[in-house]
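Q: Model the placement of chain X on the given structure of chain Y, informed by the hints.
Here the protein sequences come in this chain order: Y and X. Heads up, the first sequence is in this note's numbering, so the first residue is 1 and it goes up one at a time. Heads up, the second sequence is in this note's numbering, so the first residue is 1 and it goes up one at a time.
Do not take every clue at face value.
Below, simulated SDA-like cross-link-like pairs (lysine to any residue); rule was C-alpha separation at most 25 angstroms, straight line [to be verified]:
hint, chain 1, residue 1, chain 2, residue 2
1, X, Lys69, X, Asp54
2, Y, Lys158, X, Glu476
3, Y, Lys158, X, Val323
4, Y, Lys144, X, Cys269
5, Y, Lys158, X, Asp54
6, X, Lys472, Y, Glu59
7, Y, Lys144, Y, Asp62
8, X, Lys30, X, Met1
9, X, Lys30, X, Arg180
10, X, Lys472, Y, His217
11, X, Lys126, X, Ala240
12, X, Lys351, X, Val323
13, Y, Lys158, X, Met1
14, Y, Lys158, X, Ser464
15, Y, Lys158, X, Pro400
Selected chain Y positions facing chain X (in silico; Cβ < 10 angstroms) [as the list claims (entries may be wrong)]:
hint, residue
16, Gly156
17, Leu301
18, Phe322
19, Ala329
20, Leu358
For the record, the hints were derived by calculation from the structure and aren't laboratory data. We treat Cβ as the ideally placed atom computed from N, Cα and C, and that holds for glycine.
Okay, here's what each chain looks like letter by letter:
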Amino acid sequence: MTRSRQEFDLIIVGAGLAGLAATAFALESGLKTLQLGATSGEMHFASGLLDLLGIHPVEEQDRWEDPWAGIAALVRDRPEHPYARLGLENIRSGWKEFLAILERTGLRYSGRPERNSLVATCTGTAKITYQVPETMWPGVIGFKKKRPGLIVDFEGMKDFSAVQLVKTIGVHWPGLRAQRLRFPYPFQGTERQNIFMAEALRSHKVRTALAEAISPHLGDARLVGMPAILGLQQPEVVAADLEGLLGVPVFEIPTMPPSVPGLRLKQAIEQEIMREDAVLLYGRRAVGANSDGRRFVSLVLEAGRSQETLKARGMVLATGRFLGGGLAASRRGIRETLLDLPVHQPRRRQDFHRRRFLDPRGHPVNQAGLEVDDLFRPLGNNGKAAYENIFAAGSILAHQDWKRMKCGAGLAIATAYGAVKSFIRASG
Amino acid sequence: MLIVGAGVTGAGLARDLALRGVHCSVVEAKDINAGASGANNGLLHSGARYVSNDPVSARECRDESLLLKTLAPHCIEDTGGLFVAVAGDDETYVAEFPSLCEQHGIPVRVLEPREALELEPTLNHKIIAAYRVEDAAINPFRLSLDNIAQAEAHGARLFTHTELVGFERKGSRIQAARLRQNQSGQEIVVGVEQVVNAAGPWAGQVAALAGVLIPIVYSKGTLLVTQTRVTHSVINRLRAPDDGDIVSPSGTVSLVGTTSVGLDSPSPCQPTIAEVDLLVAQASEMVPLLAGMRYVRAFAGVRPLLPAEQTADGRALSRGFEVLNHDAAGLSNFVTVTGGKLTTFRLMAEKAADLVCSRLGVTEPCRTKTAPLPSTTTNQWTEPGLAPRFWLRQENPKEPLLCECEMVPTSAVDQIIDHLNARGEPLDLSAIGLRTRVGRGSCQGAFCGLRMTAHLYERRLLESDQGLFQLKRFLERRWHGLRPVLWGSQLAQEELQEALHCGLFGLEM
Chain Y
1 MTRSRQEFDL IIVGAGLAGL AATAFALESG LKTLQLGATS GEMHFASGLL DLLGIHPVEE
61 QDRWEDPWAG IAALVRDRPE HPYARLGLEN IRSGWKEFLA ILERTGLRYS GRPERNSLVA
121 TCTGTAKITY QVPETMWPGV IGFKKKRPGL IVDFEGMKDF SAVQLVKTIG VHWPGLRAQR
181 LRFPYPFQGT ERQNIFMAEA LRSHKVRTAL AEAISPHLGD ARLVGMPAIL GLQQPEVVAA
241 DLEGLLGVPV FEIPTMPPSV PGLRLKQAIE QEIMREDAVL LYGRRAVGAN SDGRRFVSLV
301 LEAGRSQETL KARGMVLATG RFLGGGLAAS RRGIRETLLD LPVHQPRRRQ DFHRRRFLDP
361 RGHPVNQAGL EVDDLFRPLG NNGKAAYENI FAAGSILAHQ DWKRMKCGAG LAIATAYGAV
421 KSFIRASG
Chain X
1 MLIVGAGVTG AGLARDLALR GVHCSVVEAK DINAGASGAN NGLLHSGARY VSNDPVSARE
61 CRDESLLLKT LAPHCIEDTG GLFVAVAGDD ETYVAEFPSL CEQHGIPVRV LEPREALELE
121 PTLNHKIIAA YRVEDAAINP FRLSLDNIAQ AEAHGARLFT HTELVGFERK GSRIQAARLR
181 QNQSGQEIVV GVEQVVNAAG PWAGQVAALA GVLIPIVYSK GTLLVTQTRV THSVINRLRA
241 PDDGDIVSPS GTVSLVGTTS VGLDSPSPCQ PTIAEVDLLV AQASEMVPLL AGMRYVRAFA
301 GVRPLLPAEQ TADGRALSRG FEVLNHDAAG LSNFVTVTGG KLTTFRLMAE KAADLVCSRL
361 GVTEPCRTKT APLPSTTTNQ WTEPGLAPRF WLRQENPKEP LLCECEMVPT SAVDQIIDHL
421 NARGEPLDLS AIGLRTRVGR GSCQGAFCGL RMTAHLYERR LLESDQGLFQ LKRFLERRWH
481 GLRPVLWGSQ LAQEELQEAL HCGLFGLEM
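The shape of chain Y in the complex, shown without the other chains (with noise of 0.2 angstroms):
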């Protein structure tokens, strides 16, 4: 059986940054959207720092200090990359307007006007980017000026470990200590979870007592680091509490999943949507979708054993790569999962992979995946636009290694900002 409800302007399928920013930003415009997600999306594997361009090209390890003056520059040098198809001038836009309503969720970010900062993680190496949270901010500072801090973490806790990030960092930033402490609230069994931990902290209690574990060591520290851990809402205001309490500014250093900073970027921004009206879809999975050749009309959902269609006026996709599920590889090639768009992809699977892991020019399997034309519609066989009305943003466009160019979160931002203006113009 087949039913059908209510007509969109527009669905946006994925549930990660790209699908979550495309979705603000048709709300911006207006558009009556659904944003659907087969999960409810990968946000907590991403670290919550905003990337816009760190390094190009990566064969020559080149890192840019301002990030505008690196797109530029790959603009130029690659005009098949995702960006040069934008044009500087739209990803400036599309970030500005990002920034903004993320302004209105109230999650504040911090960053130095055209520059990369830098951000010590939990390995102790130094992470470029651009844009970090607030309460990542004071670490930079911190960081550029040497200044002597204690960084603390925790019993249990895993994937974080001080020791090793005041060694490992020590050749940059040699002022620092660390300290492992009891976290100050009974939790049950040995191990210490990111996500629990950072909603105990919303009690004030528990921050008076976990400033009182940290004051006897604070010494000579001008600062205070700990894992990102400080709420899953309102974290600034965790920080400053903590900060009154301890006299030194407290800042959170990015960890491995479950990243507390990604899924408070994810929520925000689906608090600021919902506010908006726009309807969430989560756990349900699209299975294909209906055209009249030329133009999607609607997209098929499983709904239980019978299926259920989703009208709407356009369509963009932003289901991810291979982690996401937008992509998948067997051992004959990579297939684009819902709607079997052509992937531009290595002939052959011996040409995925480079032979070492770290080689810094990246993978050639990081390149395959949509080819768009310049209204980010995702091409056919025959070179044109496959459909009318389908876009693509995010990480399942091609030619394009984010990992490597440090670039993800500008990726999603920005093609999710160029597929819903080119949605807008394309439909009149």
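A: Quick look at chain X alone, frame taken from chain Y:
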């Protein structure tokens, strides 16, 4: 007395000699089981596989497998084995198989295809013939580690990461060996009474240092590791040995092998995508679900084979072994043991030890054919599936797991660190992985590699940014095995790993 090579043969030889009261030192360029001993299908052959083309090996396997099941049961899972034929397989081979087994005294029982499917429900439902044999699974890491452990308890010494770089020969005798410690680069010269070359595929190079030429045929074998175990027992294809015809259980996973590709040298070889595809295609004819299986990694080893008179491919060459006395080359204290199989390692060690002892005038008989192999607790963590059982047995598992894929607790890693430290061996992530299974699960080191590094910092065993170099080296080593199996879920896993290790940590920079 110097043994070159700490594979299973060198380890077995050290134990054999130690039990006869002969003190020996084992030098190993890398680590225990770094060569073929650590890159095989962990199969204790009943001998049935060789009945058609290699009867000597078949009988040796028969006798040795029975012996090891009695003497080293803690290294063995006595799964039993099946030989199955599918439609299209050589019917003459199928028909002759049971009588050949009987002729060589190898127990075999014919099964109706229906009975075979009851035993192994994942088998192809279209099998046309099946036989039950006494194959078993053996853990080659535990085997070598336990052999070395008992040898050491009896006075033997093991030097890993120590490479033999030359011999000093005077007349018919090798007087000294030049050794280089790989970490420090320091060279030392040690006097030697007798030398046994048990370097596996590198035996030709070791012999060349003594001025002896021994021809060795190098045959590369590639295997795949599944994410979950697909059969209870060892499944062999009932045909003349060929690619992709054995599926052997190994604790919680199965191993699919092997290929046989001729090589010009024993240098480290990596599995290729073409070999992986061939293995999947062939093995899924026996066990169809292997076609859609998630593989966590591939690995390859080099078999040292004895050359035949006429040129032949690796499959046709004998799996037999030889103990060479090098009399003809005018050397009186140099022995090479080469060829052979994991199943016959003890016999190889015995024969080599017999020759050495006769030269030394030692009359003590071989003890390894009667004395059980003691089990040591430090080596238990190499056993697949032990760590999870240990963890679950604790009523209130308080101890954090360092590796979640293989469920290895932190205390197991600590035991190994203390063990390596006490011996003055380098604390390398791969050395810990070899002895604990950390890094062998589906994440292939993405999470546990980082945790091991952190743990070494916590224990003050790493300083400055040494951990980054350790981690990178560990990840690159895992990559060799991961790269050929990157499709499906394992590619998604790799994408996450790269997002974290490159996107967030910038380890490539």
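Q: Please write out, lowest number first, the hints stated earlier that are contradicted by the structure.
A: 3, 4, 5, 10, 13, 17
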